[in-house]
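Protein chains: 2
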Amino acid sequence: MIVTVTLNPALDLTYAVDALVPHDSHRVSDVVERPGGKGLNVARVLHALGEPVLATGLLGGTTGDRVARLLTADGVRSRFVRIAGESRRTVAVVDRADATGFWEPGPRVTPGEWSLFVAEFRELLGPATVVTLSGSLPPGVPIGAYASLIALAAAAGVPTVLDTSGPALLAGLRTAPSVAKPNIHELTGVLTRPLPGPQGLADAVRAVATGPVVVSRGSAGLVAITGDEMWECAPPAAIEGNPTGAGDACVAALARGLRDHTPWPDLLADAVALSAAAVAAPAAGAFDPEIYRHTRPTAALVGGTRARTHR
Amino acid sequence: MIVTVTLNPALDLTYAVDALVPHDSHRVSDVVERPGGKGLNVARVLHALGEPVLATGLLGGTTGDRVARLLTADGVRSRFVRIAGESRRTVAVVDRADATGFWEPGPRVTPGEWSLFVAEFRELLGPATVVTLSGSLPPGVPIGAYASLIALAAAAGVPTVLDTSGPALLAGLRTAPSVAKPNIHELTGVLTRPLPGPQGLADAVRAVATGPVVVSRGSAGLVAITGDEMWECAPPAAIEGNPTGAGDACVAALARGLRDHTPWPDLLADAVALSAAAVAAPAAGAFDPEIYRHTRPTAALVGGTRARTHR
Numbered sequence: 428m429i430v431t432v433t434l435n436p437a438l439d440l441t442y443a444v445d446a447l448v449p450h451d452s453h454r455v456s457d458v459v460e461r462p463g464g465k466g467l468n469v470a471r472v473l474h475a476l477g478e479p480v481l482a483t484g485l486l487g488g489t490t491g492d493r494v495a496r497l498l499t500a501d502g503v504r505s506r507f508v509r510i511a512g513e514s515r516r517t518v519a520v521v522d523r524a525d526a527t528g529f530w531e532p533g534p535r536v537t538p539g540e541w542s543l544f545v546a547e548f549r550e551l552l553g554p555a556t557v558v559t560l561s562g563s564l565p566p567g568v569p570i571g572a573y574a575s576l577i578a579l580a581a582a583a584g585v586p587t588v589l590d591t592s593g594p595a596l597l598a599g600l601r602t603a604p605s606v607a608k609p610n611i612h613e614l615t616g617v618l619t620r621p622l623p624g625p626q627g628l629a630d631a632v633r634a635v636a637t638g639p640v641v642v643s644r645g646s647a648g649l650v651a652i653t654g655d656e657m658w659e660c661a662p663p664a665a666i667e668g669n670p671t672g673a674g675d676a677c678v679a680a681l682a683r684g685l686r687d688h689t690p691w692p693d694l695l696a697d698a699v700a701l702s703a704a705a706v707a708a709p710a711a712g713a714f715d716p717e718i719y720r721h722t723r724p725t726a727a728l729v730g731g732t733r734a735r736t737h738r
Numbered sequence: 428m429i430v431t432v433t434l435n436p437a438l439d440l441t442y443a444v445d446a447l448v449p450h451d452s453h454r455v456s457d458v459v460e461r462p463g464g465k466g467l468n469v470a471r472v473l474h475a476l477g478e479p480v481l482a483t484g485l486l487g488g489t490t491g492d493r494v495a496r497l498l499t500a501d502g503v504r505s506r507f508v509r510i511a512g513e514s515r516r517t518v519a520v521v522d523r524a525d526a527t528g529f530w531e532p533g534p535r536v537t538p539g540e541w542s543l544f545v546a547e548f549r550e551l552l553g554p555a556t557v558v559t560l561s562g563s564l565p566p567g568v569p570i571g572a573y574a575s576l577i578a579l580a581a582a583a584g585v586p587t588v589l590d591t592s593g594p595a596l597l598a599g600l601r602t603a604p605s606v607a608k609p610n611i612h613e614l615t616g617v618l619t620r621p622l623p624g625p626q627g628l629a630d631a632v633r634a635v636a637t638g639p640v641v642v643s644r645g646s647a648g649l650v651a652i653t654g655d656e657m658w659e660c661a662p663p664a665a666i667e668g669n670p671t672g673a674g675d676a677c678v679a680a681l682a683r684g685l686r687d688h689t690p691w692p693d694l695l696a697d698a699v700a701l702s703a704a705a706v707a708a709p710a711a712g713a714f715d716p717e718i719y720r721h722t723r724p725t726a727a728l729v730g731g732t733r734a735r736t737h738r
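If you read the protein sequences in the order shown, they are chains A and B.
Numbering-wise (my numbering), the first sequence opens with residue 428 and increments by one.
Numbering-wise (my numbering), the second sequence opens with residue 428 and increments by one.
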């Protein structure tokens, strides 16, 4: 089974209002609750693909209970370590124009709770085929947390996909996850040199990363940079929709592909198609199966522009 | 004991942000959670006054669990009827300028759940000395709900304080609660005739209400209108602070006064002082004990302006 790690999951609330007016009161006409946090989106996409998946991470309080119940209602198996703090919420207020987001910081995790999680993670490495590590670290979890988990997984022979940002990304890149999947903004946030064109990007990535990196660039598609190769793959056309969760669908595709030893060109085409299908679905953690089916062969067939480029 | 009824309680969330910018994302720097809903504020004020109190009403889901836990943490005893729906949240986003509110609508209550509550309410009338009925009715609860509860309490010889608005207030006023406590806006919302001065207000109230009505008017204080008397009482000076919850403190004072058969002048002075002390406290459901002690004798000593007026 694929194990998805979410250390800072959330209860995602979407509030529908007529128009957001600062310093006024608003009656919310509709409330949607979803299990949130990038790793939970990965788990939901994998489950919808029919893949065996187990969600793990840290959950606390009644908000954590609610997240666990919503995941169960979605049919996703989970085994979370309980913490004393209250899991965070995110609130997206959607009016006729756009969404306004409010993100709670998340609970402080104690060293004892982190140790319990590491022990649980070691156990889960037994049945795991691949591990995904997604999202921000809650306060109290060491910056090198993902690096430690990657090292434990590598020692157990389990491949890893890392999708995070900032110092946690930088620390992770140096520990060689099987694939790191930052988006272009997260990547440039940790690179020290400028990126003149694809070759500049590849050189900059190789300077900090010790393993393959797949960079997501929105409708421009994916670039995979390995030790000596570079592959590019883009969807045949930009997809209209909600880009939140597209990166998580990409991680789901990469995890499945790692498990199946899918070659890079097919793997990237699949990840591009699943990301596009996620954009077409209204909510993060879901995808449009029709768009997935249509986009996959088209993405795979986009022509190459350079010797090492698949486009 | 005083029984406080809250049919549509809430989990009140206060989010601190730098500045609210529509259609932007905001990292919330601080989250405060409180048990919300007017009746829970009444219960917390009474508990802080050292009065025996029991909070009842309808709670559902993990949000309801959280409300119950927060009440218990505050030391307030409660006995809620559980419903299948999820209790609502309110979110107040506070920036440097002011607060922006988002109110969830609340769960739909089934006829069976409402019947269960009425049965529970009948049981609680045994030990109850006074019942307070506060706030809005959730979807599914009949508009005449408060009127029914007032009639049951009256039959059991238990006095009632009603604090609600709209059609539920109008239906309640006609069933003669021992005291109804609308604010001036809630009252004018259900009155059909204009209110030229205090006598006009009294005439209009007597046209729709069959029992005493105490009208709260912010810093202008309280007016009590009974069958043949009218009393006014105002704080010695306007208090700076947060007016949310001042009406609930007033209801708490009225409930205690009803139980103790406090005469109108003393009762109004106490209610004015406790309301002022609630304005001085930053959060609804709390009051500033110093302000309460200082204001009570001052409010009681404000001179009368008419034969039937205590000011």
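Hints in this document: simulated from the structure, not taken from any laboratory.
Treat the hints with caution; some may be incorrect.
With the Cβ distance kept under 8 Å, some of the chain B side facing chain A (calculated, not the full set) [unchecked claim]:
1) V455
2) T653
3) G654
Calculated Cβ distances over 12 Å to all of chain A for the following chain B residues [unchecked claim]:
4) G491
5) A495
6) R515
7) P532
8) G533
9) G539
10) L543
11) V545
12) P554
13) I570
14) A583
15) G616
16) T637
17) I666
18) P716
Label pairs and their computed distance ranges (CB to CB) [stated by the list, open to error]:
19) P709(B) / D693(A): 55 to 61 Å
20) P709(B) / R686(A): 51 to 57 Å
21) S542(A) / T499(B): 42 to 48 Å
22) D445(A) / G616(B): 20 to 26 Å
23) V459(A) / R523(B): 28 to 34 Å
24) G477(A) / P709(B): 51 to 57 Å
Glycine included, every Cβ here is placed at the ideal spot set by N, Cα and C.
**Q.** Which numbered hints fail
**A.** Hints 2, 3, 4, 5, 6, 7, 8, 21 not satisfied by this model.
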